[in-house]
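Please construct the entire structure, taking both the sequences and the accompanying hints into account.
Residue numbers (the numbering used here), protein chains in the order written: chain A, 1 to 322; chain B, 1 to 322; chain C, 1 to 322.
Hint data in this document are derived by calculation from the structure and do not stem from the laboratory. Everything numeric in this text was worked out from a predicted model, so none of it was measured. Note that CB positions come from ideal geometry on N, CA and C, so glycine has one too. Some hints here could point you the wrong way.
Negatives, chain C to chain B, calculated, CB over 10 angstroms [said to hold, decoys possible]:
hint	residue
1	Asn111
2	Gly171
3	His223
4	Phe258
Part of the chain A face toward chain C, derived, beta carbon under 7 angstroms [as the list claims (entries may be wrong)]:
hint	residue
5	Gly43
6	Val47
7	Lys49
8	Thr67
9	Glu74
10	Ile75
11	Lys78
12	Leu302
13	Val305
14	Thr306
15	Ile309
Selected chain B positions facing chain C (Cβ under 7 angstroms, derived; list incomplete) [claimed, not checked]:
hint	residue
16	Arg54
17	Gly55
18	Asp83
19	Ile85
20	Glu98
21	Asp105
22	Asn106
23	Ala109
24	Met110
25	Asn111
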Amino acid sequence: MAAGSGLQLDRDGRLVHLLTLEGLPAATIRSILDTAEPFASIGEREVKKVPLLRGKAVFNLFFENSTRTRTTFEIAAKRLSADVINLNIGASSTSKGETLLDTIDNLVAMNADMFVVRHAQSGAAHLIASHLAAAGHSHVHVINAGDGRHGHPTQGLLDLYTIRHYKRDFGALAVAVVGDVLHSRVARSLIHGLTTLGVPDVRVIGPKTLVPARVESLGVSVHHDMDRGLDGCDVVVMLRLQNERMKGALLPSSGEFFKHYGLTADKLARAKPDAIVMHPGPMNRGVEIESSVADGLQSVILKQVTFGIAVRMAVMTMVAAA
Amino acid sequence: MAAGSGLQLDRDGRLVHLLTLEGLPAATIRSILDTAEPFASIGEREVKKVPLLRGKAVFNLFFENSTRTRTTFEIAAKRLSADVINLNIGASSTSKGETLLDTIDNLVAMNADMFVVRHAQSGAAHLIASHLAAAGHSHVHVINAGDGRHGHPTQGLLDLYTIRHYKRDFGALAVAVVGDVLHSRVARSLIHGLTTLGVPDVRVIGPKTLVPARVESLGVSVHHDMDRGLDGCDVVVMLRLQNERMKGALLPSSGEFFKHYGLTADKLARAKPDAIVMHPGPMNRGVEIESSVADGLQSVILKQVTFGIAVRMAVMTMVAAA
Amino acid sequence: MAAGSGLQLDRDGRLVHLLTLEGLPAATIRSILDTAEPFASIGEREVKKVPLLRGKAVFNLFFENSTRTRTTFEIAAKRLSADVINLNIGASSTSKGETLLDTIDNLVAMNADMFVVRHAQSGAAHLIASHLAAAGHSHVHVINAGDGRHGHPTQGLLDLYTIRHYKRDFGALAVAVVGDVLHSRVARSLIHGLTTLGVPDVRVIGPKTLVPARVESLGVSVHHDMDRGLDGCDVVVMLRLQNERMKGALLPSSGEFFKHYGLTADKLARAKPDAIVMHPGPMNRGVEIESSVADGLQSVILKQVTFGIAVRMAVMTMVAAA
Chain A
1 MAAGSGLQLD RDGRLVHLLT LEGLPAATIR SILDTAEPFA SIGEREVKKV PLLRGKAVFN
61 LFFENSTRTR TTFEIAAKRL SADVINLNIG ASSTSKGETL LDTIDNLVAM NADMFVVRHA
121 QSGAAHLIAS HLAAAGHSHV HVINAGDGRH GHPTQGLLDL YTIRHYKRDF GALAVAVVGD
181 VLHSRVARSL IHGLTTLGVP DVRVIGPKTL VPARVESLGV SVHHDMDRGL DGCDVVVMLR
241 LQNERMKGAL LPSSGEFFKH YGLTADKLAR AKPDAIVMHP GPMNRGVEIE SSVADGLQSV
301 ILKQVTFGIA VRMAVMTMVA AA
Chain B
1 MAAGSGLQLD RDGRLVHLLT LEGLPAATIR SILDTAEPFA SIGEREVKKV PLLRGKAVFN
61 LFFENSTRTR TTFEIAAKRL SADVINLNIG ASSTSKGETL LDTIDNLVAM NADMFVVRHA
121 QSGAAHLIAS HLAAAGHSHV HVINAGDGRH GHPTQGLLDL YTIRHYKRDF GALAVAVVGD
181 VLHSRVARSL IHGLTTLGVP DVRVIGPKTL VPARVESLGV SVHHDMDRGL DGCDVVVMLR
241 LQNERMKGAL LPSSGEFFKH YGLTADKLAR AKPDAIVMHP GPMNRGVEIE SSVADGLQSV
301 ILKQVTFGIA VRMAVMTMVA AA
Chain C
1 MAAGSGLQLD RDGRLVHLLT LEGLPAATIR SILDTAEPFA SIGEREVKKV PLLRGKAVFN
61 LFFENSTRTR TTFEIAAKRL SADVINLNIG ASSTSKGETL LDTIDNLVAM NADMFVVRHA
121 QSGAAHLIAS HLAAAGHSHV HVINAGDGRH GHPTQGLLDL YTIRHYKRDF GALAVAVVGD
181 VLHSRVARSL IHGLTTLGVP DVRVIGPKTL VPARVESLGV SVHHDMDRGL DGCDVVVMLR
241 LQNERMKGAL LPSSGEFFKH YGLTADKLAR AKPDAIVMHP GPMNRGVEIE SSVADGLQSV
301 ILKQVTFGIA VRMAVMTMVA AA
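This is how it looks when you write it as structure tokens:
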């Protein structure tokens with residue numbers, strides 16, 4: 001059984017934490033996407049607020065710096081009228097020798113309602129959720145905002161939301177995930193979601209050094225030639241080249257990478273004419289993707305960002321109601 | 001007369017600033033603890049907010065980094081519906097050559113209502129309060145969130161709240177304060193509070209190098225043998241070993257410290273069977289305290305954190321009403 | 001035509017962005033000052049909040065650190081009931097290789113309503129406004145909170161507000177701007193505002209090395225002798241000595257500077273008896289200004305800070321309504 005899946009749902013099948021898309025039932029994923037629908041239009045209102053989390057304390061626990069992800073959760077929580085407290089933990093309590101779980105216990109004692117957790121180590125959010133369960137704090141919820149190489153489930157969900165928004169039916173899609181799959185928690189989360197929702201054709205495209213061994217076991221096909229990999233697909237998901245995450249020299253150069261795996265108009269022409277282009281951001285223009293494609297008609301990259309707020313509002317609302 | 005006491009109360013005896021527990025009348029301390037009572041249950045409500053400080057601007061002025069303390073004040077202020085502005089001053093105005101009091105004058109000119117001040121130098125909060133008084137800004141309030149070795153009055157108050165919660169009557173208690181008393185502003189504040197409230201038996205336990213000279217003048221007894229010091233006491237307050245505050249080598253090693261002054265189940269057995277165990281946090285497990293004791297049935301360490309929010313809400317509400 | 005002026009107003013002459021005072025019509029400046037009047041008294045109310053920007057998302061984008069300026073905008077936005085998100089961009093996305101405009105596109109996709117932008121490079125706010133216009137995001141507004149040496153229009157406006165508050169009529173004033181004019185964006189913004197509002201006598205006073213070449217073309221007179229420059233003036237605006245902005249040794253020493261250009265009671269006696277003394281802060285006491293003058297009866301330095309909140313509230317309200 002997948003790590004985390006046992007903790008995420010309560011006995012009645014309600015979402016208590018969001019830790020991973022691995023093992024999360026298709027019905028739950030669909031329910032999150034459905035819940036996000038009405039939130040997607042709140043951003044266009046004059047008053048972009050609903051009182052669903054009023055008086056709740058949401059803690060952004062970022063053990064790893066990520067202004068971008070933190071901001072999306074902060075906006076989502078504020079639109080739900082929650083009180084948001086940002087904690088960059090790297091420099092504080094842990095440096096005073098307090099353990100992660102002591103920090104959590106303290107924040108629970110301050111009547112925290114929800115933790116949004118970003119951590120460099122895989123399994124950190126899961127560890128916190130296990131600890132809360134063991135301590136009987138079933139009213140406190142954990143949302144994984146990225147843990148090491150393991151997963152980034154809200155990113156996976158917003159990708160799924162975007163694909164559904166443009167393609168409606170998952171049942172006949174070909175989706176290509178391109179680039180540094182090895183270091184990408186985004187890719188892992190997305191692939192789990194796609195296969196769970198029944199996408200029949202998921203393709204991983206990248207150089208041998210950046211495709212994980214045995215990735216086929218996740219139900220995907222592997223391509224090292226990009227043209228062949230993109231052939232006839234409906235969705236192209238470009239991944240960020242995780243320069244800062246790579247140790248040693250797995251790649252000759254970013255120019256060399258772009259030549260083989262950067263998405264250009266020419267390469268994109270191999271996909272279906274109505275294929276959409278996605279990227280989790282931040283983009284390295286000219287490395288993973290040509291600027292004209294990033295800003296082109298098939299790009300839905302900025303819509304992903306908009307939908308990301310709605311999806312995070314949906315997840316927060318659902319766990320708070322559990 | 002104790003520093004600060006003259007500034008803390010107005011002519012009618014109302015609390016205007018909270019600078020130190022030294023010299024604060026027993027009636028005022030009791031009034032703070034009484035005011036905190038109803039706030040202690042707000043944290044358990046669905047909507048954890050009351051509108052007592054709505055539209056007030058509370059500035060967290062942290063000249064010294066302390067995420068933990070800042071967070072407790074931020075939560076307290078947000079639960080009171082105040083607008084909270086966090087300023088980490090270390091890196092900003094002061095580096096541009098502005099003096100502390102110029103910074104204060106500027107924030108007052110921005111219509112600040114309250115300053116929560118953390119500073120490495122003893123007397124900083126007192127200096128600010130004196131300056132405000134001299135400038136006629138009697139509507140602006142100062143709460144000391146820790147100043148050098150001097151004091152940490154809200155921590156002292158939450159300790160008193162916790163003791164009262166579990167032991168009801170201060171008049172017959174034996175309280176032991178254990179460890180690095182020399183560097184602990186927590187210890188100073190607590191001892192003042194305990195003696196003011198009439199605790200007849202306050203004991204300080206620690207190695208000679210970590211017990212201040214002439215501490216007996218505060219009305220406490222000194223013990224260097226922990227077993228004897230804990231004998232029959234009702235409350236055991238363990239202090240954090242202030243590693244980062246120590247200059248030079250006053251201690252042989254943390255292992256050596258634990259052997260003599262770390263709280264183990266064996267040592268705790270010398271206290272009364274219903275003795276409570278307290279610690280201001282963050283804990284160094286295995287240095288000041290054994291994990292099984294920290295997490296044991298007699299430990300009220302996490303309740304201290306919960307009560308700390310309520311006490312801070314009480315202090316903020318009282319000074320704002322003065 | 002002045003850079004930025006074409007973008008600031010829409011076809012109906014309403015303020016859409018505030019980028020520079022250069023080229024901003026006198027009627028618009030007067031309208032901002034008039035709008036600020038009622039906000040100046042909100043700070044004295046019990047509940048310092050109005051719901052004008054409720055549910056709006058204001059992003060403080062500080063690519064350059066400035067706690068002081070950020071705080072004034074944060075307070076202004078919170079008093080208008082906006083949701084404020086602070087982003088210190090230096091350390092985040094840009095370090096991940098994202099461009100400034102990609103960051104902006106992402107935040108717009110998160111349904112940002114307003115950007116308050118501080119940047120070390122001149123023209124940054126203007127670049128963002130141009131980009132938003134090109135992308136058709138006419139509902140998103142930009143306020144320049146300081147860009148390189150170019151301008152700091154809200155500071156200029158609060159200076160104008162202060163002068164009008166004390167002197168009522170701009171039409172007969174002599175205003176002296178003293179010190180490091182070369183590096184001061186404050187000076188540039190103020191001089192544009194003063195000449196636009198018809199101040200007949202604007203004087204720039206400073207050593208040759210700190211007065212820009214051809215500054216006379218802005219409609220000011222230049223003085224290197226301070227006594228003569230201050231003679232009979234109504235308003236003395238002292239500038240901060242931008243130590244951190246100077247490259248190389250343009251000045252002999254701060255002591256030498258004070259001797260010639262520091263504002264002392266003696267030098268101030270050359271101005272009119274009811275002349276007011278201003279400074280944008282933070283002050284270097286004993287460098288630009290003697291403490292007794294900074295704190296003296298003619299000083300309106302702290303009133304500038306108070307009015308600054310009101311002016312920022314006015315600008316935010318006006319652009320949000322456009």
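Each hint, compared with the structure:
no., hint, result
1, Asn111, "holds (22 angstroms)"
2, Gly171, "holds (29 angstroms)"
3, His223, "holds (26 angstroms)"
4, Phe258, "holds (13 angstroms)"
5, Gly43, "holds (3 angstroms)"
6, Val47, "holds (3 angstroms)"
7, Lys49, "holds (4 angstroms)"
8, Thr67, "holds (3 angstroms)"
9, Glu74, "holds (6 angstroms)"
10, Ile75, "holds (6 angstroms)"
11, Lys78, "holds (5 angstroms)"
12, Leu302, "holds (4 angstroms)"
13, Val305, "holds (4 angstroms)"
14, Thr306, "holds (5 angstroms)"
15, Ile309, "holds (6 angstroms)"
16, Arg54, "holds (6 angstroms)"
17, Gly55, "holds (3 angstroms)"
18, Asp83, "holds (5 angstroms)"
19, Ile85, "holds (6 angstroms)"
20, Glu98, "holds (4 angstroms)"
21, Asp105, "holds (6 angstroms)"
22, Asn106, "holds (5 angstroms)"
23, Ala109, "holds (4 angstroms)"
24, Met110, "holds (6 angstroms)"
25, Asn111, "holds (4 angstroms)"
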